[in-house]
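Colleague: Assemble chain V onto chain P, guided by the hints.
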Amino acid sequence: MITDQADEDLMVLYQKGEVRAFEVLLSRHRRPVYNFILRFVGDKETAEDLLQEAFMRVIKGAEAYKRQAKFTTWLYTIARNLCVDQTRRRKHRKHASLDAPMDSSEESGTLMDVIPGNEMASDRKSVNKQLHETMQLAIAALSEEQREVFLMREFLDMPFKQIADVVGVPENTVKSRMRYALEKLRLELDEYKDLAKAAP
Amino acid sequence: MTSAGDDDRDDDAQLRQLRAVWVSMRDEEPSDRGLAALMAAAREKASELEHAAQPSWWQRVLASLRRPPVLALATVTVLLGGALIITQRRADMKADATATSETSADSNVVERSDRERAESVPGAQRAGAGSTAAAAGSAAPTAGPGAAPPAPAPVEPTLAKPTAEVTAVVTEKEPRRDPKATPKLKAPTTGSTPTAQPEFAVRPDDDAPAPAPAGAGEAGPRGGMAGSSPSLAIAQDEAPVLSDSVTSDPGTATRPKPKKPIARSAPPPIEGEDRQTTKDESAQVGGNTQPTLDQLVTQCAAAAARGDCAAVRVLAQRILTRSPAVYKSRVAPDAAIKRCLPSTAPNSMQ
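Here the protein sequences come in this chain order: P and V. Just so we're aligned, residue 478 is where the first sequence starts under the numbering used here, counting upward by one. Just so we're aligned, residue 11 is where the second sequence starts under the numbering used here, counting upward by one.
Cβ-to-Cβ under 7 Å is the rule here; a few derived chain P residues that face chain V:
1. Q492
2. V496
3. N512
Result set (SDA-like, lysine to any residue): computed pairs, CA atoms no more than 25 Å apart in a straight line:
4. P/K606 x V/E39
5. P/K537 x P/R508
6. P/K547 x V/A51
7. P/K537 x V/E60
8. P/K493 x V/M49
9. P/K543 x V/H61
10. P/K652 x V/A30
Computed spacing ranges between beta-carbons, pair by pair:
11. V/V88 x P/Y542: 36 to 44 Å
12. V/V80 x P/S653: 57 to 65 Å
13. V/T97 x P/A546: 54 to 62 Å
14. P/K568 x V/V33: 25 to 33 Å
15. V/R36 x P/T564: 17 to 25 Å
Everything labelled a hint here was simulated from the structure, so no lab data went into it. Every residue gets a Cβ at the ideal spot worked out from N, C-alpha and C, and that includes glycine.
With the rest of the complex left out, here is chain P:
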């Protein structure tokens, strides 16, 4: 079955003109890549654009792919570079206002809304929502280097070695960045530890 094959084998099949192999790869990696991009850039629309651009680059660079390379390393390197480019472009713009809507949808609140207040949420759902939003803000507050390492390590469950390959730095540097990222998150979320305990 083509769906049971490894990513690398599927990529080789696609190099031979097998479109079905690319479909399998797309269905297998579309969602995690999208969430990685989304947590990196913090914007759904931009994340979708970057997701499409990432897979478009996979298509264009299919000839250059070598079987020896791990497909996910290649794919996340593309995605990470797109995210880095995007955030660098965004640095030239004005920072988002706290009153600006977070999303284009009408029901989305402002950043001020999601920053938790001192009062505790009444129900569990709102506690979770508050925690998640606080977590997103804390992650967004990480430096770019720490954020990418943290996302790949904690959300994509990548080994440090692979993260080092994607980011292009030594493995020890990746570990160091990861340690600093966790420390910063711990400090940021320290006041919500009781809230975290209450979370399911």
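Modeller: Just chain V, lined up with the frame of chain P:
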């Protein structure tokens, strides 16, 4: 989410709680926006890749050539070709060596005949009628009254042996500078019986009697040769009938003494008329006369009849040298002689 094997996380309680929070964060589902465009691009690229993945004709040929059976066939072909080339080259080298020796033999014969001609003039004046008899005797092998009918000699299958014989005869005339150069040509000098050396008795000049006709001066045939006897030169022209072992013996060639009687006392069976020893022939050994063109033509025809192509070539060369007209009229049309001559012989000889 749990990490992989290289886990060095700070797994304190607070961090575990925080991790539980972000693990509980649901993954967003991407919208299908742009998915169709993505798949269209993927299909287009796939067709390109499929086209590019097909090997070109030369790649297919190269791949087929790399298969073991083809490699084995190529190896065998190369080996066979190499063997063929080596064999052909060896044959060419043999032919070259033969041509070289023939050329040297021919040139020596021409030089010798010129010298003999020059020397035969006073010899003939001195000998008078005796030299005429000797000249008549030189034709004895073919035209002598007591000559036996020519026995058909076996046709030599290759040119190598006659050529070697011719070479041996020709070099015999010249003073041998390096006897070691042809050690295999050394012949027994004494004690060999005629039966052991049948060619010894067959050789006309070997069987020639010691007494020389008037004007010869020397007793032995070798002495006569050393004294540039023309009749001896004719005998040397009939080199193929000579034995290498005898004719090329330097000691024998330069020895002025007459031959030992064993050669004459027990002659071997006569093989052909040109090999027969007659009194006329013996008489012409010491003579100073030069064979006439008719004699040469006759000898040439006889040699051709017995298949002695080396002798034919030497004689034909002599005839051509002396009279191209006679060569054209009598030698060239002769079918038997023509068989022995190379196809380009007349042109090259002329």
